[in-house]
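J.: Based on the provided sequences and hints, a complete structural model is requested.
As you go down the protein sequences, you meet chains F and V in turn. Those letters in the first sequence? Residues 1 to 262, by the working numbering. Those letters in the second sequence? Residues 1001 to 1253, by the working numbering.
It is worth saying that the hints were derived from the structure and are not from the lab. Among the clues, some could well be false.
What the hints assert, rightly or not - No more than 20 Å apart at the CA atoms, straight line, and that leaves these computed lysine to any residue pairs for SDA-like:
1. K1108(V) with S166(F)
2. K1051(V) with H1093(V)
3. K1051(V) with A86(F)
To be verified - What follows is a set of in silico ranges between Cβ atoms, one per label pair, in the way DEER data are often shown:
4. H1024(V) with I68(F): 33 to 43 Å
5. G1166(V) with Y115(F): 50 to 60 Å
6. G181(F) with A1137(V): 12 to 22 Å
Said to hold, decoys possible - Reference listing, derived: stretches of chain F covered by chain V, where coverage requires no fewer than 3 residues with Cβ under 8 Å from a Cβ of chain V:
7. 154–168
8. 172–178
No residue lacks a Cβ here, since even glycine has one placed at the ideal position from N, Cα and C.
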Amino acid sequence: MTKKYRLLALLTAFLLVFPILFVVMLSLGKTWSYPALLPEHWSVATWSSLFQDQRISQGIVLSLIISISVGATASFLSLLLARSIAYSAHQRQWLVGSYLPYLVSPVVLAAAWQYYFLRLGLSGQVQGVWLAQFLITLPFGVIFFNSFWNSHIRSLEQLAATLGGSPWQGFWLVSFPLAKGPLLICFFQSFLISWFEYGLTALIGVGKVQTLPLLVFQYVGEANIFYAALASCLLMAPPLLLLWINKRLVFIRSEGMEDQKE
Amino acid sequence: MGTTEKLLIVKELSKKYGSEKVLHSLDLELASGQVLSILGRSGSGKTTLLKIIAGLEIADTGDIFLNQKHINELAPQHRNILYLYQEALLFPHLSVAENLAFGLRLRKTPAAACAQKVAQMLEELGLSEQAHKMPDALSGGQRQRVAFGRALIVQPKVVLLDEPFGALDAQTRQQMQFLFKKLAQAHQITAIFVTHDLKEALLMGDHLATLDQGQLKVYPSKAAFIEDAETGVMAELAFWESIKTDRPTGHEN
Chain F
1 MTKKYRLLAL
11 LTAFLLVFPI
21 LFVVMLSLGK
31 TWSYPALLPE
41 HWSVATWSSL
51 FQDQRISQGI
61 VLSLIISISV
71 GATASFLSLL
81 LARSIAYSAH
91 QRQWLVGSYL
101 PYLVSPVVLA
111 AAWQYYFLRL
121 GLSGQVQGVW
131 LAQFLITLPF
141 GVIFFNSFWN
151 SHIRSLEQLA
161 ATLGGSPWQG
171 FWLVSFPLAK
181 GPLLICFFQS
191 FLISWFEYGL
201 TALIGVGKVQ
211 TLPLLVFQYV
221 GEANIFYAAL
231 ASCLLMAPPL
241 LLLWINKRLV
251 FIRSEGMEDQ
261 KE
Chain V
1001 MGTTEKLLIV
1011 KELSKKYGSE
1021 KVLHSLDLEL
1031 ASGQVLSILG
1041 RSGSGKTTLL
1051 KIIAGLEIAD
1061 TGDIFLNQKH
1071 INELAPQHRN
1081 ILYLYQEALL
1091 FPHLSVAENL
1101 AFGLRLRKTP
1111 AAACAQKVAQ
1121 MLEELGLSEQ
1131 AHKMPDALSG
1141 GQRQRVAFGR
1151 ALIVQPKVVL
1161 LDEPFGALDA
1171 QTRQQMQFLF
1181 KKLAQAHQIT
1191 AIFVTHDLKE
1201 ALLMGDHLAT
1211 LDQGQLKVYP
1221 SKAAFIEDAE
1231 TGVMAELAFW
1241 ESIKTDRPTG
1251 HEN
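T.: Next up, the structure:
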């Protein structure tokens, strides 16, 4: 690597890592007044509040429950839905339909859905937020799995059928094992969409469903930068963990492939 | 020959995609243990014909009978007609032995009988050493052999082969043709073998037919197939004859 590229790589790494380090540093600060470059006092008091302030611990649990369940349900159902679309005579129209929710922002969608959520008694409810986030992540999954259901996979299922397998056996014994990798990636992505969702959650939850992103904005609004930094750290933790797991999986898989070639 | 003696009967089969007619009122009959070679160019409707017989496509009109039973409405998994693609299409997450056992497991064959049949088939295919290998560790020819074994192990009533050796090199292709002939005789296979290769059609089939623009022409004998100018056999023979005549004498040494 030349000196120029090494410098560029270091700069890129710094730009990526700096916001994370900065937020962690801020969460450990106590007082920080202008024009000091760094917080004047350091303390773990903000982090200790994790065990005292129920708002944060409840926010974490609620966000985890919503995002994990939304990610898992949307990933599995979108795999099945994308399969139906792949076999449908109107595949093109269904796919165009899957892109429609992304033509407008989630906030605009939430405003449009609000009436129905109010009528169904789901506004301001965890179930309502869950459903709204699910409706946003499902089309993403369908678009994601569109390329999975290519002619090769469909031929494998057809072959399983001529060997005596029902459509369900074809799916469960052939396609599903092959979809495990894409399912995992789709789950990570759907989890992240749900995890960082703010506008939709704020509108459908009408401020009553306090997920982590809502808490971050609330603390920022209160000018409580140390709590906002703590909530941001917690918000960043799962994506960083997923990134690490994903990297490990990809690394193990590529190592395995190398072994097989040998 | 009366229809009762035929295993597979296809009557007035037609299919079109949009305004394009792919199969025109097509008839064919196939007796048990016979192999029908169908010679046809790309786009002649070969794949559509096989997929309709296998139940993977639906015909617009026409009837299909298997053992005198009308099977038009029967789902592919209940037909016991196996469709083999040009690609071996081995299940990539299963080993060679597991691929072979796939159809038996779907039929809930007891584990001991399943293992015995798989071992026997591996022996027959000359793949005993590869039993635990994954498909991506096999050569093209080995993959196609496993695909054959996976099909034959479930003892299908009819095997439909859609240019199965199209992706193989010339030498492997020849080996596979020989293996197919051997297996066809040993297992008394009833098959439709579709190819665009003239020599392969002649080698593989007990009976011969051509499919051109959705029209099937079945020949009463090999001689009739060879004599028909449309099959191209005479032109091929003339070509090789001309090569032989023009050959410089020095080449003989």
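J.: Compare the structure with each hint and give your call.
T.: Comparing the hints with the structure gives:
{"no.": "1", "hint": "K1108(V) with S166(F)", "verdict": "13 Å, holds"}
{"no.": "2", "hint": "K1051(V) with H1093(V)", "verdict": "25 Å, violated"}
{"no.": "3", "hint": "K1051(V) with A86(F)", "verdict": "18 Å, holds"}
{"no.": "4", "hint": "H1024(V) with I68(F): 33 to 43 Å", "verdict": "57 Å, violated"}
{"no.": "5", "hint": "G1166(V) with Y115(F): 50 to 60 Å", "verdict": "58 Å, holds"}
{"no.": "6", "hint": "G181(F) with A1137(V): 12 to 22 Å", "verdict": "19 Å, holds"}
{"no.": "7", "hint": "154–168", "verdict": "holds (count 11)"}
{"no.": "8", "hint": "172–178", "verdict": "holds (count 4)"}
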